Amino acid sequence: MASTALRRLMAEFKQLSENPPEGLMAGPISDENYFEWEAAITGPQDTVFEDGVFIARLTFPQDYPLNPPKMKFMSKIFHPNIYADGRVCISILHAPGDDPMGYEQSSERWSPVQSVEKVLLSVMSMLAEPNTESPANVDAAKMWRENREDFKKIAHKHVRMTLEEDPPSESRNT
Amino acid sequence: MSSDDEDYLYDDDSDDSGNESTVNQDEDDDNDDFGMDIGLGEEASGSGGGGGGGLMMMVSGADKKGSDHAHPYEVLSTEQIVEHMVDCIKEVNSVIQIPTTTVRILLNHFKWDKEKLMERYFSDSQEQMFAEAKVVPPYKLGAKAMVAPDLGGRGVSLSAKSTLECEICYLTLPKSLTTALECGHPYCNSCWTEYITSKIMNEGASQSIECPGNCDILVDDVTVMKLVKDSKVKLKYQHLITNSFVDCNRLMRWCPAPDCPNAVKVQFVESRPVKCRCSHLFCFACSENWHDPVRCVLIKRWIKKCDDDSETSNWISANTKECPKCKATIEKDGGCNHMICRNQSCRADFCWVCLGPWEPHGSSWYNCNRYDEDEAKNARDSQEKSRAALQRYLFYCNRYMNHLQSLKFENNLYSMVKDKMDEMQQHNMSWIEVQFLKKAVDILCECRRTLMYTYVFAYYLKRNNQSELFEANQKDLENSTEHLSEYLERDISAENLVDIKQKVQDKFRYCDSRRRVLLDHVHEGYDRDWWVYTSDDITS
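Protein sequences appear in the order of chains A and B. Mapping to the working numbering: the first sequence position 42 is 42, numbers consecutive. Mapping to the working numbering: the second sequence position 109 is 109, numbers consecutive.
Hints may be right or wrong, so weigh each one.
[As the list claims (entries may be wrong)] Taking lysine-lysine pairs in the DSSO-like style, the calculated list, with each CA pair at most 27 angstroms apart, reads:
1. B:K234 - B:K134
2. A:K153 - A:K72
3. B:K501 - B:K475
4. A:K142 - A:K76
5. B:K300 - B:K175
6. A:K14 - B:K175
7. B:K175 - A:K118
8. A:K118 - B:K134
9. B:K234 - B:K111
[Stated by the list, open to error] Computed far set for chain A versus chain B, every beta-carbon distance over 10 angstroms:
10. T4
11. D31
12. D63
13. S75
14. S125
15. R160
Bear in mind the hints are in silico, worked out from the structure with no lab data behind them. Computed from a predicted structure; not experimentally measured. Backbone N, C-alpha and C fix where the C-beta goes; we use that ideal spot for every residue, glycine too.
Starting from the given sequences, assemble the full structure and let the hints guide the process.
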């Protein structure tokens, strides 16, 4: 199983580096371990996160792609669907069996045909349009709904912080 | 694909019950790749040969409950359950004529309610029904099935020559090594196998395995059987399917005895005793041990009460007081009424009697004369109430446990009686003449079981004339049961043998009749609304 996972991750990495989607970058942290990736996501234009470059960690299970990776932001980010410790709560990272409440359509959830690229694109659009229905960070959801100006201020502060941080590791080598 | 795959799912080879095998009419079809004996993989033949329906199974007479209930029930082994399921499928299939494997998914969607399925099928919302059940309507996939008639089931191996990239492992493979459901999303067979295996083994899924792509079409049995090679996985899949069949079926229930593979099927749902082939006797409605004369709701409550810590808290409130400052629970085991709380951060001085601060008590160390009529009364009342409730519970619980304990020695009793019977046969009695002893133990155990549950019933009962009558019955039965038990303990010698036999027989007949009287009285009470319960939310 792990060999399928490795093969698939290598293929995905190759595809992502040959054809990187706009605003996204991702790859294994080291050549020895293809199951730990780092990704950089640019804040979408015309949103409060514009211009920020947010770094996240992706951890893949041995039976990938049967089960989804876990994703955690390393950069500080204040967002209704991201826990205070950076873990991302998004339907595409949930296995179909994980949703006892029935909030999510199965088409939005993880399946083996999803990919790192699709996950990152979903996260990107989540940054632009938070889902405040089932928030991971209740404070952020409340502020997003009730006090957009304060939310913007915090987001801008975090965007500035990402620009002062080290750039993502891929570009560090250059 | 060879006939190696014939061994699992709906396999009725191991049929040992002498049932009418009406299910093999597809067996002669050599094109059936997956060889399931009952032809699940075949298109609806339209013959409806197996359409005899659910009640074709013959069950040996011993499994039928005769006298007490007009409606017999059946005990079904795992194989019979599968057959039964197949019969159900065939019955529907003979009417609506769509592939059996689709019928199973549909039936499962309707919780095996055939009528509901037929109703929806012949209504306007047929298409919607297929969508809800997550299958592609069979009339939409005619074309594909025509092109590849050699392929069983809904899983269609595309046989075109070109290659295809599997979206799961990203390998490019010839199309012949890939499989797609009717939704047309092809993946390579080894990814399919991994995917299905993981769903079955890790998630215990059988009904809800969807296409791995972002679509919700369900994987059918034939495809599973074709793609999965590991026999352990196949077996588990079959278990999961039968499990969900029984669980969904209101008229069926697994025998709750540990490791018992049988299920019981009745003709309509009611609270009634059913006896499994493993000799476990249980209530069909609630799966608890048969609990006449108590009703299911009460026995549930009682079991919960006995399991809960609720009685611990009753004990605490009856026997302890709280520190007025830090609320620590205190049990007083001696000494004067001047209490100093041991809690290091509290150290409150207070009076045990009035729970007020100690200071005003001055030097009157041994008693409290600050008697506040109302406050003291309230405190006393509430304490007495919970003390009384606890005592009441303990009264009934002790008696219940007592009979339960005696029943646990049931096996010892049977073996002891067996020794006695052997002994008596040496005293020139024939085998048939000593059988009364076994019968006596049977009745003794039944009486104990009934008595045990009468205490549960009594615990929830409010006093009235009928409950007095009930208690009189209970007392009489209890007395005579203990007598019977005592007779069985007596040593039997050649001299007293005839005498004892007479006494035991008289006693057990009496016990048996008193037991029936008691039960009949309680049942009559249910019918005539005699019983009033201690709490309002109990409805009988």
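Notebook entry, point to check: Which hint numbers does the structure go against, in order from smallest to largest?
Noted result: Violated hints (numbers, rising): 5, 10, 12; every other hint is consistent with the structure.
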